[in-house]
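**Q** Heads up: the sequence lines are chains A and B, in that order.
Every letter in the first sequence is one number past the one before it in full-length UniProt numbering, and letter 129, counting from 1, is 129.
Every letter in the second sequence is one number past the one before it in full-length UniProt numbering, and letter 56, counting from 1, is 56.
Hints may be right or wrong, so weigh each one.
Chain B regions said to be covered by chain A (calculated; three or more residues, Cβ under 8 Å) [stated by the list, open to error]: (1) 113 to 124; (2) 234 to 245; (3) 362 to 374; (4) 445 to 456; (5) 484 to 495; (6) 498 to 504.
So, partial list: chain A residues that the calculated Cβ filter (under 10 Å) puts toward chain B [said to hold, decoys possible]: (7) Phe66; (8) Asn70; (9) Gln132.
Because the hints were derived from the structure by calculation, they are not lab data.
Owing to the predicted nature of the structure, the values given are computational and were not obtained by experimental measurement.
Note that beta-carbon positions come from the ideal geometry of N, C-alpha and C, so glycine has one too.
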Amino acid sequence: MIFTILEHILTHISFSIISIVIMIYLMTFFVHESVGLPDSSEKGMIATFLSITGLLVSRWISSGHFPLSNLYESLIFLSCSLSIIHTIYKMGNHKNYLNTITASSTIFTQGFATSGLLTEMHQSVILVPALQSQWLMMHVSMMLLSYAALLCGSLFSVALLVITFRKNINIFCNGKVKNFLIKKFIFGKINYWNEKRSAYKNTSFLSFRNYYKYQLTQRLDYLSYRVISLGFTFLTIGILCGAVWANEAWGSYWSWDPKETWAFITWIIFAIYLHTRTSTNQSLQSTNSALVASMGFLIIWICYFGINLLGIGLHSYGSFTLTSKILNN
Amino acid sequence: MSSLLLNPHKALFTASSSFPLRSDVNAQILVASRRAATRIVDCRPRASRDSFEAEALPETNAKKKNANRKIILFGSSPPPLSEERSGAAGNGRGKPGREASSWGFFQKSLKRALAVLSNLPLAIAEMFTIAALMALGTVIDQGEAPDYYFQKYPEENPMFGFFTWRWVLNLGFDHMFTSPVFLGLLILLACSLMACTYTTQIPLVKVARRWSFKHSAEAIRRQDFADSLPKASVKDLGIILMGAGYEVFLKGPSLYAFKGMAGRFAPIGVHISMLLIMVGGTLSAAGSFHGSVTVPQGLNFVVGDTMNPNGFLSFPTQSFNTEVHVNRFYMDYYDSGEVSQFYSDLSLFSLDGKELTRKTIRVNDPLRFRGITIYQTDWGFSALQITKNGEGPFNLAMAPLQMNGEKKLFGTFLPTGDADSPNVKGISMLARDLQSIVLYDQEGKFAGVRRPSSKLPIDIDGTRIVIEDAIGSTGLDLKTDPGVPIVYAGFGALMLTTCISYFSHSQIWALQDGTTVVIGGKTNRAKLEFRDEVNGLLDEVPELVTIDQNLNG
Numbered sequence: 001m002i003f004t005i006l007e008h009i010l011t012h013i014s015f016s017i018i019s020i021v022i023m024i025y026l027m028t029f030f031v032h033e034s035v036g037l038p039d040s041s042e043k044g045m046i047a048t049f050l051s052i053t054g055l056l057v058s059r060w061i062s063s064g065h066f067p068l069s070n071l072y073e074s075l076i077f078l079s080c081s082l083s084i085i086h087t088i089y090k091m092g093n094h095k096n097y098l099n100t101i102t103a104s105s106t107i108f109t110q111g112f113a114t115s116g117l118l119t120e121m122h123q124s125v126i127l128v129p130a131l132q133s134q135w136l137m138m139h140v141s142m143m144l145l146s147y148a149a150l151l152c153g154s155l156f157s158v159a160l161l162v163i164t165f166r167k168n169i170n171i172f173c174n175g176k177v178k179n180f181l182i183k184k185f186i187f188g189k190i191n192y193w194n195e196k197r198s199a200y201k202n203t204s205f206l207s208f209r210n211y212y213k214y215q216l217t218q219r220l221d222y223l224s225y226r227v228i229s230l231g232f233t234f235l236t237i238g239i240l241c242g243a244v245w246a247n248e249a250w251g252s253y254w255s256w257d258p259k260e261t262w263a264f265i266t267w268i269i270f271a272i273y274l275h276t277r278t279s280t281n282q283s284l285q286s287t288n289s290a291l292v293a294s295m296g297f298l299i300i301w302i303c304y305f306g307i308n309l310l311g312i313g314l315h316s317y318g319s320f321t322l323t324s325k326i327l328n329n
Numbered sequence: 001m002s003s004l005l006l007n008p009h010k011a012l013f014t015a016s017s018s019f020p021l022r023s024d025v026n027a028q029i030l031v032a033s034r035r036a037a038t039r040i041v042d043c044r045p046r047a048s049r050d051s052f053e054a055e056a057l058p059e060t061n062a063k064k065k066n067a068n069r070k071i072i073l074f075g076s077s078p079p080p081l082s083e084e085r086s087g088a089a090g091n092g093r094g095k096p097g098r099e100a101s102s103w104g105f106f107q108k109s110l111k112r113a114l115a116v117l118s119n120l121p122l123a124i125a126e127m128f129t130i131a132a133l134m135a136l137g138t139v140i141d142q143g144e145a146p147d148y149y150f151q152k153y154p155e156e157n158p159m160f161g162f163f164t165w166r167w168v169l170n171l172g173f174d175h176m177f178t179s180p181v182f183l184g185l186l187i188l189l190a191c192s193l194m195a196c197t198y199t200t201q202i203p204l205v206k207v208a209r210r211w212s213f214k215h216s217a218e219a220i221r222r223q224d225f226a227d228s229l230p231k232a233s234v235k236d237l238g239i240i241l242m243g244a245g246y247e248v249f250l251k252g253p254s255l256y257a258f259k260g261m262a263g264r265f266a267p268i269g270v271h272i273s274m275l276l277i278m279v280g281g282t283l284s285a286a287g288s289f290h291g292s293v294t295v296p297q298g299l300n301f302v303v304g305d306t307m308n309p310n311g312f313l314s315f316p317t318q319s320f321n322t323e324v325h326v327n328r329f330y331m332d333y334y335d336s337g338e339v340s341q342f343y344s345d346l347s348l349f350s351l352d353g354k355e356l357t358r359k360t361i362r363v364n365d366p367l368r369f370r371g372i373t374i375y376q377t378d379w380g381f382s383a384l385q386i387t388k389n390g391e392g393p394f395n396l397a398m399a400p401l402q403m404n405g406e407k408k409l410f411g412t413f414l415p416t417g418d419a420d421s422p423n424v425k426g427i428s429m430l431a432r433d434l435q436s437i438v439l440y441d442q443e444g445k446f447a448g449v450r451r452p453s454s455k456l457p458i459d460i461d462g463t464r465i466v467i468e469d470a471i472g473s474t475g476l477d478l479k480t481d482p483g484v485p486i487v488y489a490g491f492g493a494l495m496l497t498t499c500i501s502y503f504s505h506s507q508i509w510a511l512q513d514g515t516t517v518v519i520g521g522k523t524n525r526a527k528l529e530f531r532d533e534v535n536g537l538l539d540e541v542p543e544l545v546t547i548d549q550n551l552n553g
């Protein structure tokens with residue numbers, strides 16, 4: 001009973017804090033007079049992370065097994081992983097815009113998890129025999145961490161594509177927002193770039209506005225590359241742990257089960273992404289790889305949600321009753 | 001003799017003051033850098049001091065005369081320098097030469113094929129095609145009878161205007177993951193992997209391994225990252241880079257430093273482990289045995305009788321002559337009545353009746369014995385042991401009634417009265433698991449529920465029935481797979497090399513140009529972090545100030 005109350009409280013706390021964090025981001029974006037606000041949003045993210053982790057721990061204690069046995073728990077874990085990734089990159093103390101992606105993704109996953117659609121799954125369920133293994137922890141947590149990282153990275157790529165292909169980037173002309181962008185994203189790099197440009201006198205000169213755009217896309221490109229590389233590492237470990245587990249439980253390390261197959265497809269797509277990065281043409285490279293990553297974004301969702309929706313194959317433990325609910329309504 | 005001014009909080013600088021701050025030559029004084037450099041010296045105080053002592057001598061004794069002499073600040077056994085090819089690089093050159101002669105034939109005959117296969121767009125296209133085929137394999141139902149495809153993909157109404165059952169059956173998409181198209185693509189991808197490793201990756205590493213100094217400021221400025229520090233010494237930069245984990249080489253006014261060479265090697269490892277997994281997978285497919293058996297509790301079977309070979313390399317081994325006896329099969333339940341775990345207590349006997357091993361297996365905990373693995377995969381209800389009006393016990397065979405989904409249902413029938421009459425009547429007994437039996441009377445009405453463990457009698461239409469025992473049967477999967485060790489080795493290597501691949505290989509060049517140090521660097525992965533890191537390190541480089549400037553300040 002006490003755990004149910006605790007869970008409730010923690011869910012609400014995490015959701016409220018993340019909403020406030022989003023509000024802060026919006027405020028800093030539109031108003032730009034940000035004295036202590038970014039700092040407080042950072043603290044908000046950490047508070048969210050702690051309350052989500054608390055939620056998972058309380059579920060762990062109350063159910064007695066690692067809380068990753070159904071979709072609700074995995075969504076909560078996904079938002080937890082998003083905050084973990086946020087913290088990892090924050091600890092590196094890099095100025096980046098990861099927070100804009102992680103915070104909004106967290107609110108989406110958390111919102112979906114706590115929404116009415118999945119109320120039947122809020123109860124923690126018993127573990128079927130096949131799931132009773134130490135590999136559950138390793139495999140599922142790695143997979144969700146990788147999903148979180150890959151989702152972030154591919155969202156950066158989507159952003160990059162949007163910026164690249166929009167003809168008139170009016171945010172760069174709009175006074176206040178322009179100021180904000182210059183301050184937030186590019187300041188401090190200008191000197192360096194100017195210097196570098198002077199080194200290349202004979203290269204084509206970029207117009208001032210396009211120059212900012214170029215810098216922004218380049219930063220986004222690097223950032224998405226790094227985050228996707230991290231996610232790819234996690235994905236590899238997750239899939240291979242799953243294979244070893246399958247060899248323990250079902251007697252075959254690979255059985256072309258739909259979920260497995262889609263995880264492998266995701267792996268291949270991001271492997272392609274990493275290979276497109278090795279091409280020499282810089283601008284073509286970033287656009288191409290961003291296209292691949294955006295494709296990967298869709299494929300992760302198919303892998304994570306689509307297969308569960310169909311409820312087929314050996315990974316149907318986490319499948320949920322959404323289909324029947326939709327049909328009934 | 002000028003004095004040495006040191007920032008008071010840089011205690012370690014003072015501690016290791018056998019430093020080459022030989023102010024006698026240049027009459028320069030080390031003032032404070034903006035940030036404390038203590039950390040750097042703290043990291044490897046001994047290494048830096050040793051190397052500096054080694055280096056300090058030529059510096060002070062004869063500066064320009066010894067310009068030819070190479071000074072290495074770090075590392076014990078240096079690979080040949082690119083500048084000194086003629087001398088030191090003698091063995092470095094001999095090796096590729098030998099390789100060229102032994103591989104010459106292959107290179108000539110395979111050069112074209114290699115060039116085609118190592119083409120990156122081709123490899124990417126292969127990967128895309130494989131991904132698409134796998135996606136198709138999950139969309140098209142696999143392993144159905146041809147009739148199913150005739151109905152689902154009819155010729156009259158083709159999907160997307162062209163996709164009919166002819167496509168499915170002719171290309172083997174009804175068994176996608178063993179179809180020739182798919183396997184052929186995998187083989188092609190494996191060839192591309194090998195070709196790419198050989199023609200692209202290994203030469204890249206060879207280039208990266210070479211220590212190359214850059215002697216012109218222009219070449220350094222052309223790097224991805226370039227900066228120049230006025231009033232700085234390249235040697236100070238060397239210590240600071242060393243403290244940050246770089247391997248630093250210094251020769252006269254030029255500096256070369258690198259970090260994370262493993263990040264260059266790791267992609268080769270990734271490719272090799274992928275190949276290893278593919279080889280292991282092939283061996284698994286060609287050389288394994290698989291069998292599955294349902295055994296009632298108390299009975300036994302011989303391993304070899306159940307095993308079916310999977311491929312042409314499947315050869316039975318001596319261990320197939322092992323007899324497996326199911327001592328006991330039982331289940332654990334949650335309080336809610338759902339099954340929490342299945343257990344089979346198995347004994348393995350040799351054919352002459354000697355017990356070899358005994359283990360209670362469960363899901364996720366198989367029995368491994370001389371290459372054979374026995375998994376707990378399924379269960380069934382074999383028989384119900386009852387006594388009727390005190391007679392018996394009789395064993396009633398249970399029949400599976402409903403097998404769809406996870407829920408199983410077993411049933412049996414005990415005739416009452418004349419068993420030979422055309423409309424025989426009797427008592428029906430149904431069970432979902434081994435725990436409780438539901439009994440129905442002759443009319444089909446519910447009569448009661450009994451647990452086999454309770455031994456509680458039940459009277460139905462004048463017949464007294466006691467349920468003595470429920471005998472389950474265990475569903476076992478047996479397997480031998482010679483590919484597993486290779487695949488696992490590949491898995492381990494792949495995990496490790498993918499992790500290492502995350503790190504990037506960074507190279508930094510610097511050149512002392514008067515009092516200015518020109519710095520350029522590049523990295524293959526973490527470009528943003530590299531820029532930040534180097535900027536941070538450059539902030540730590542102490543500024544050299546001449547004595548009169550210092551007095552003015």
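**Q** Are there at least three residues in the stretch 498 to 504 of chain B whose beta carbon sits under 8 Å from a beta carbon of chain A?
**A** Per the Cβ count (4), the hint holds.
**Q** For the hint on A/Phe66, just tell me whether its beta-carbon gets within less than 10 Å of chain B.
**A** violated (14 Å)
**Q** Quick one: see if chain A covers the stretch 445 to 456 of chain B, three-plus residues with Cβ-Cβ under 8 Å.
**A** violated (count 0)
**Q** Taking beta carbons only, do three or more residues of the stretch 362 to 374 of chain B come closer than 8 Å to chain A?
**A** holds (count 6)
**Q** How does the stretch 234 to 245 of chain B fare against chain A when you require at least three residues with a CB closer than 8 Å, holds or violated?
**A** violated (count 0)
**Q** According to a criterion of three or more residues whose C-beta lies within less than 8 Å of a C-beta of chain A, is the stretch 113 to 124 of chain B covered?
**A** Our answer is that it holds, as 3 residues pass the Cβ test (under 8 Å) against chain A, meeting three.
**Q** Tell me if the interface restraint on A/Gln132 is satisfied: Cβ within less than 10 Å of some Cβ in chain B.
**A** This interface hint holds because 6 Å falls under the 10 Å limit.
**Q** Can the hint on A/Asn70 be confirmed by a CB-to-CB distance to chain B that is less than 10 Å?
**A** Since the shortest Cβ distance to chain B is 15 Å, the answer is violated.
**Q** Establish whether the coverage given for the stretch 484 to 495 of chain B by chain A is satisfied; the threshold is a Cβ-Cβ distance below 8 Å, and no fewer than three residues must meet it.
**A** Our answer is that it holds, as 6 residues pass the Cβ test (under 8 Å) against chain A, meeting three.
Violated hints for the displayed structure, listed by number in ascending order: 2, 4, 7, 8.
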